[in-house]
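Enquirer: Listed below are the residues making up each chain.
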Amino acid sequence: MGYRVGLDAMSMSAQIGFRDVTLGYDRHPAVHHLNGEVATGALLAVVGPNGAGKSTLFRGVVGILKPLSGGIEIGGLDHRDIAYLPQTVDIDRSFPISVYDFVGTGLWRATGFFGGMGKLAREKIAHALAAVGLNGFENRAIGTLSGGQMQRMLFARVLLQDARLIVLDEPFNAIDAKTSADLLDLVRHWHAEQRTVLAALHDMELVRANFPETLLLARGEVAWGDTAEVLTAENLLEARRMCEAFDDSAAACAVDDAPSRAA
Amino acid sequence: MIHDALIAPFTEFEFMRRALAAAIALSLGGAPIGVFLMLRRMSLVGDAMAHAILPGAAIGFLLSGLNLFAMTTGGLIAGFAVAILAGVVARSTGLKEDASLATFYLVSLALGVTIVSIKGTNIDLLHVLFGNILAMDDPTLLVIASNATITLLVLAVIYRPLVIESVDPVFLRTVSRAGAPSHLLFLALVVINLVNGFQALGTLLAVGLMILPAGIARFWSRDITGMICIAVASAIVSGYAGLVLSFQTKVPSGPAIILVAAVIYVGSVLFGSVGGLFRQLFPGRHLEA
Numbered sequence: 007m008g009y010r011v012g013l014d015a016m017s018m019s020a021q022i023g024f025r026d027v028t029l030g031y032d033r034h035p036a037v038h039h040l041n042g043e044v045a046t047g048a049l050l051a052v053v054g055p056n057g058a059g060k061s062t063l064f065r066g067v068v069g070i071l072k073p074l075s076g077g078i079e080i081g082g083l084d085h086r087d088i089a090y091l092p093q094t095v096d097i098d099r100s101f102p103i104s105v106y107d108f109v110g111t112g113l114w115r116a117t118g119f120f121g122g123m124g125k126l127a128r129e130k131i132a133h134a135l136a137a138v139g140l141n142g143f144e145n146r147a148i149g150t151l152s153g154g155q156m157q158r159m160l161f162a163r164v165l166l167q168d169a170r171l172i173v174l175d176e177p178f179n180a181i182d183a184k185t186s187a188d189l190l191d192l193v194r195h196w197h198a199e200q201r202t203v204l205a206a207l208h209d210m211e212l213v214r215a216n217f218p219e220t221l222l223l224a225r226g227e228v229a230w231g232d233t234a235e236v237l238t239a240e241n242l243l244e245a246r247r248m249c250e251a252f253d254d255s256a257a258a259c260a261v262d263d264a265p266s267r268a269a
Numbered sequence: 114m115i116h117d118a119l120i121a122p123f124t125e126f127e128f129m130r131r132a133l134a135a136a137i138a139l140s141l142g143g144a145p146i147g148v149f150l151m152l153r154r155m156s157l158v159g160d161a162m163a164h165a166i167l168p169g170a171a172i173g174f175l176l177s178g179l180n181l182f183a184m185t186t187g188g189l190i191a192g193f194a195v196a197i198l199a200g201v202v203a204r205s206t207g208l209k210e211d212a213s214l215a216t217f218y219l220v221s222l223a224l225g226v227t228i229v230s231i232k233g234t235n236i237d238l239l240h241v242l243f244g245n246i247l248a249m250d251d252p253t254l255l256v257i258a259s260n261a262t263i264t265l266l267v268l269a270v271i272y273r274p275l276v277i278e279s280v281d282p283v284f285l286r287t288v289s290r291a292g293a294p295s296h297l298l299f300l301a302l303v304v305i306n307l308v309n310g311f312q313a314l315g316t317l318l319a320v321g322l323m324i325l326p327a328g329i330a331r332f333w334s335r336d337i338t339g340m341i342c343i344a345v346a347s348a349i350v351s352g353y354a355g356l357v358l359s360f361q362t363k364v365p366s367g368p369a370i371i372l373v374a375a376v377i378y379v380g381s382v383l384f385g386s387v388g389g390l391f392r393q394l395f396p397g398r399h400l401e402a
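Sequence order for the protein chains is G and B. Each residue of the first sequence is one higher than the one before, counting from 7 in my numbering. Each residue of the second sequence is one higher than the one before, counting from 114 in my numbering.
To be clear, the hints were calculated from the coordinates, so they are not data collected in a lab. Check each hint, because a few of them may be wrong.
Residues from chain B shown here face chain G by an in silico Cβ test under 10 Å; the list is partial [claimed, not checked]:
no.: 1; residue: E210
no.: 2; residue: L265
no.: 3; residue: V270
no.: 4; residue: I271
no.: 5; residue: S279
no.: 6; residue: R286
no.: 7; residue: A293
no.: 8; residue: R331
no.: 9; residue: F391
no.: 10; residue: R392
no.: 11; residue: F395
no.: 12; residue: P396
no.: 13; residue: H399
no.: 14; residue: E401
Selected chain B positions facing chain G (in silico; Cβ < 7 Å) [claimed, not checked]:
no.: 15; residue: R204
no.: 16; residue: L208
no.: 17; residue: V288
no.: 18; residue: I337
For every residue, glycine included, the Cβ atom is placed at its ideal position computed from N, Cα and C.
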């Protein structure tokens, strides 16, 4: 398969390289011996059943979770230059901060501790709020937003982070059709700007319609490639089967140098 | 008449002027810290820290009697030790910060009371526990003022990471490494202000001039800048009114200050414009949109 390479140096056009990476918690792998590369500018959907390791994989990519073994290369990027939208956002909604200030935190890498919010920054924030359809919400406290508006606000912050690599963990969960269509437009726009976008998704129709490349994950890779070839009934069944076979009292992994799915 | 009651105590007695200056300095440093403690849901952490500084202050007391410098230094050391140990334990293990703090501060409190009673009398213990804002000498006043200045400067530096970490900790973790240092610096500021208040209000009430104004501010403002301003203002008002009350009625000064703050707090709970009870009972007709 074209997306797989060996353990040699990462090809020039790759943004992310998974090098036999195993990620997990308390020695239990959640992502097991994953190999492969994500090309720069790719729009990659990561799909798989609950517990397949999608969120874990993303936590590994953005550097919150250290691999148990193997490694993840991110093409010379600093981890702090990745825009990451986690699945369960741990936001204190009762905190007294306005939508405007919250979205403005997306400029942290540019402003830091003391950098002023100049005219340019204010324009950027206004533009980002307009792009997600939140004009007029500038002075609202974040606690007054609905679920969909909250997600729009988070996308505005991602927009301001202006990152080469964007990682979205189930960004369209519990969001109505209109909102997800709007936000999907943003994702397509990022793709057009040659940014690399990874998104964990459950809606197969949405993936088929919008994402050229898909990784089907079930702890290990089930299939990775063109979306149409990956999302077959056979592969999806295989993914479900692999996730069920989780053993809590497993012994230490003997497969060290072999590829993840030898069988 | 009004002049006699409200202003004369300060024009006639130098110790009252010193006490007022101390109260204002404590308000300027402590109230903003209190607002952050409240917003980070750490109000009780402040209380715990107040107990944690006791053994250090007690050792200072044991070594050099009722010397405020020695007690301050000891308190700072003990407070930092507990704050940093608890912070490190919480960040490197799964244990929540409040749980690890609770352990450390209980041990500290027990140690502190033990040390004080080895050497001191009950009067000493009372002084350590409740402080005495009416006995401010120049060096003490200077220490309090410098600590308040340091607090405001450091708070300005770590303001953004503190706010971001309070709202969305995962985001701050992904874009910056400033989270952990800012948090530790913030805990250090908490300790500094507790030791500060400790000389004036004593271990048990020092945290009062931080937390009560913050609670008051929550009922009057929806944004953090407004909260900090209101908290500082209500702390200063409590300090002033508490001193007057204490002067006129012989109520001990520390408790008088906290009681005035408590009265303002009750008023705010009842009539506050943001979520006050009265406002909730009679919200007015709902709006068009």
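Enquirer: Against this structure, judge whether each hint is valid.
Expert: How the hints compare with the structure:
1. E210: 15 Å, violated
2. L265: Constraint on L265/B not satisfied, violated at 15 Å.
3. V270: Cβ of V270/B sits 6 Å from chain G, so the hint holds.
4. I271: Nearest chain G Cβ about 8 Å off; hint holds.
5. S279: Since the shortest Cβ distance to chain G is 6 Å, the answer is holds.
6. R286: Holds - the Cβ of R286/B comes within 10 Å of chain G, reaching about 6 Å at its closest.
7. A293: 14 Å, violated
8. R331: 8 Å, holds
9. F391: 21 Å, violated
10. R392: The hint is violated - R392/B has no Cβ within 10 Å of chain G, the shortest such distance being about 16 Å.
11. F395: 21 Å, violated
12. P396: Cβ of P396/B sits 15 Å from chain G, so the hint is violated.
13. H399: Cβ of H399/B sits 14 Å from chain G, so the hint is violated.
14. E401: Not OK, violated: E401/B not within 10 Å of chain G, min 15 Å.
15. R204: 14 Å, violated
16. L208: 16 Å, violated
17. V288: 5 Å, holds
18. I337: With a closest approach of 5 Å, the I337/B hint holds.
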